[in-house]
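> Letter by letter, the chains look like this.
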Amino acid sequence: MTISASKFELLELQGVGRSFGGIDALADLTLTVRAGEFIALLGPSGCGKSTALNCLAGLLPLTHGQILIDGKRVDTVAAENRGFGMVFQNYALFPHLTVEKNIAFGLQMRSVPKVELKRRVAEAIALVKLEQHAKKLPGQLSGGQQQRVAIARAVVLEPRLVLMDEPLSNLDAKLRLEMRTEIRRLHQSLGLTTIYVTHDQEEALSMADRLVVLREGRVLQIGTPEQLHNNPENWYVADFMGYRNIIDMDVTAVNGSAVTVANKGFTLRGTAVEPAALGEKVRAAIRPEDLVVVSPAVPVQGGNSTTATVSVVEYHGREFAVGVTTPGGWGLHVRSDHAPVVGSVVELTADPARVLVFRADRIDPATLSAEERELAEVRR
Amino acid sequence: MSAPTIGRLQATKSTASLRHRLAERGIDNSLLLLVPALIFALALFIYPFSYGIGLTFQPSPAIQQKWGGGAFANYVAFFKDPFVFDSIWLTMRLALPAALFNVLASIPMAFKLRQRFRGRKLLTTLLVLPITLGTVLTAQGLLIFAGRQGWLNRFLIQIGLIDQPLTLVNNYLGVFFSLVISGFPFAFLLISSYLSGIDPSIEAAAKTMGADWKQRFRRVILPLLAPGLATTFILTFVLAFSVFPSARLVGDAMGSTRVMALMAYRAFGEQTDYGMAATIAIMMGLIELVVIAVVLLWRSFLYKGSTGGKG
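These protein sequences, in sequence, are chains A and B. One point on numbering: in the working numbering, the residue at position 281 of the first sequence is 281, and numbering is uninterrupted. One point on numbering: in the working numbering, the residue at position 180 of the second sequence is 180, and numbering is uninterrupted.
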């Protein structure tokens with residue numbers, strides 16, 4: 001394999017921001033990327049992740065901060081001279097050019113000699129296993145194949161940095177899983193440095209070396225998948241990382257970081273991630289798989305026991321996903337090894353270490369994005 | 001024949017009523033909606049058109065005597081009478097450059113006006129507004145504005161740029177201006193909509209692959225836009241080719257802008273030779289068809305599929 005990434009040591013984003021008519025789409029993004037890293041920018045729609053990517057690609061000029069590669073500024077370089085590869089959400093293939101010519105386009109722009117051009121195009125096509133489709137127009141290909149052309153077209157240029165803007169969001173679920181592995185494989189075998197934008201936390205967790213969680217243009221947390229998955233720094237990140245149960249509660253006891261929180265007869269012991277004082281309003285976050293129905297095989301953990309009424313039972317293969325309602329009227333998602341009767345009262349337990357307690361900073365619903373407001377409404 | 005085949009045949013035979021089966025093929029009461037259009041087409045186009053063709057084969061005795069050719073005398077006259085025949089060239093000389101100019105000038109404007117900027121709507125409106133002006137109003141305005149005693153000439157003389165007034169109307173230029181004023185908004189509107197049909201991320205992709213704006217335009221935008229340009233060219237060409245009022249009002253009706261429509265009108269109105277008038281009209285149509293066919297032939301070699309955008 002002769003396709004490989006061009007080398008650099010360090011990509012630095014320093015206080016990068018972009019505002020549109022006074023509104024910050026992205027503010028103060030500071031991030032250092034080492035060559036070879038796979039970084040995912042994660043957040044709901046409108047969080048500024050695509051803005052960040054377009055700023056990196058040079059398709060959007062920055063309004064604040066700077067971008068450096070090995071100490072040299074690149075944010076002042078025109079997009080066509082940055083030498084970054086980009087894969088677009090809708091693939092953005094040239095509809096009038098065959099697969100081959102789509103892939104050759106960038107090489108032609110760089111006036112690569114014909115012989116070398118042919119060899120590199122053939123290699124790129126082989127890389128994404130599209131040999132049989134080389135002479136076809138993009139319109140004759142399936143979504144997954146088009147996606148592979150888009151990737152081949154970006155990596156054939158041996159870019160210093162590959163930018164991917166939700167490349168899998170238009171594919172069906174099964175193909176998405178396969179392409180995930182495929183992208184990760186290419187990233188590793190070609191030694192690429194990849195910045196990957198997605199709103200799918202599972203995708204980000206499974207592919208990236210490090211994640212950047214964004215919300216309303218601001219960075220909430222940067223860390224490895226493990227760090228984000230196990231130790232989200234605030235309830236918003238927790239929410240995004242699959243802590244589906246987020247409950248507004250009051251602190252009833254504090255012992256260091258071990259706190260007890262309660263909401264109308266629903267009491268849990270948990271761990272305060274952000275310092276919490278007695279009587280303070282807080283927000284507890286628990287993953288559905290950490291909050292389980294007590295049964296002969298599942299004992300109470302850490303003295304954490306509370307009750308709720310079963311409202312929905314779904315079969316999920318090995319276990320049951322159960323929807324329960326607390327006495328205070330909160331709907332929660334829990335797991336069970338047996339199917340409880342709908343309407344019955346069950347005992348729930350959770351490891352106090354896995355019940356994360358955050359500062360509530362209850363936000364004004366008016367400032368929420370439409371998507372978040374919808375989520376909040378569904379939860380009530 | 002084996003039994004299963006017969007079984008399959010029986011299975012495919014529809015049991016629905018005739019009415020239902022006809023409806024399936026689009027034959028039902030809603031076809032009545034087409035009746036008014038059909039009546040109009042017959043009464044206002046097909047019948048007069050056939051009648052006109054018939055007229056061309058009934059030359060007047062004068063034409064027959066002068067040019068010979070029996071029933072084809074009108075056509076012989078058309079090709080042999082330089083006064084009539086030259087009007088093809090005179091019309092072409094106006095319509096082709098005007099159509100070409102309208103298309104070519106629209107491209108950069110449509111390009112710029114695709115982006116958002118302050119005053120974009122106002123500018124677009126200004127460019128499209130002339131559509132609302134009739135040809136007569138345009139001609140009148142041109143005469144007042146660009147005539148020998150018009151504002152433009154007086155202004156240019158006053159600031160000392162020229163000594164003698166420029167002859168901008170009552171000649172080829174006057175008609176050309178008028179064709180641009182009435183044809184440009186059409187071309188601009190059409191090309192704008194074709195351009196908005198091209199997904200902007202395609203251009204962004206070309207940019208990230210190292211193409212500068214010239215390469216992006218030539219290699220990506222132009223091939224995708226070309227079919228739209230061909231259509232726009234055909235429409236503005238047809239519009240310009242049938243020019244009549246402005247050729248008379250701001251042109252040199254018996255000289256440099258003696259266009260075919262004027263010749264047909266002369267045969268009809270002044271010589272009351274309906275046969276000759278019809279012949280000129282039919283020939284106009286034929287020449288337009290030839291130009292359209294050439295453009296469509298060129299277009300057939302181009303990429304015609306989706307352009308990825310919303311268009």
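Honestly, the hints are just simulated from the structure, not real lab data. One or more of the hints may lead you astray.
Here are some chain A residues pointing at chain B (derived, C-beta under 7 Å) [claimed, not checked]:
hint, residue
1, F88
2, R110
3, G144
Just the calculated beta-carbon pair ranges, DEER-fashion [claimed, not checked]:
hint, chain 1, residue 1, chain 2, residue 2, range
4, B, S14, A, A339, 16 to 26 Å
5, B, S14, A, G329, 23 to 33 Å
6, A, T30, B, L122, 40 to 50 Å
7, B, K121, A, Q89, 52 to 62 Å
8, B, E24, A, R185, 28 to 38 Å
Note that the Cβ used here is the ideal one computed from N, Cα and C, for glycine as well.
> Compare the structure with the hints numbered earlier in the document and write down the numbers of the violated ones, lowest to highest.
Violated: hints 3, 4, 5, 7 and 8.
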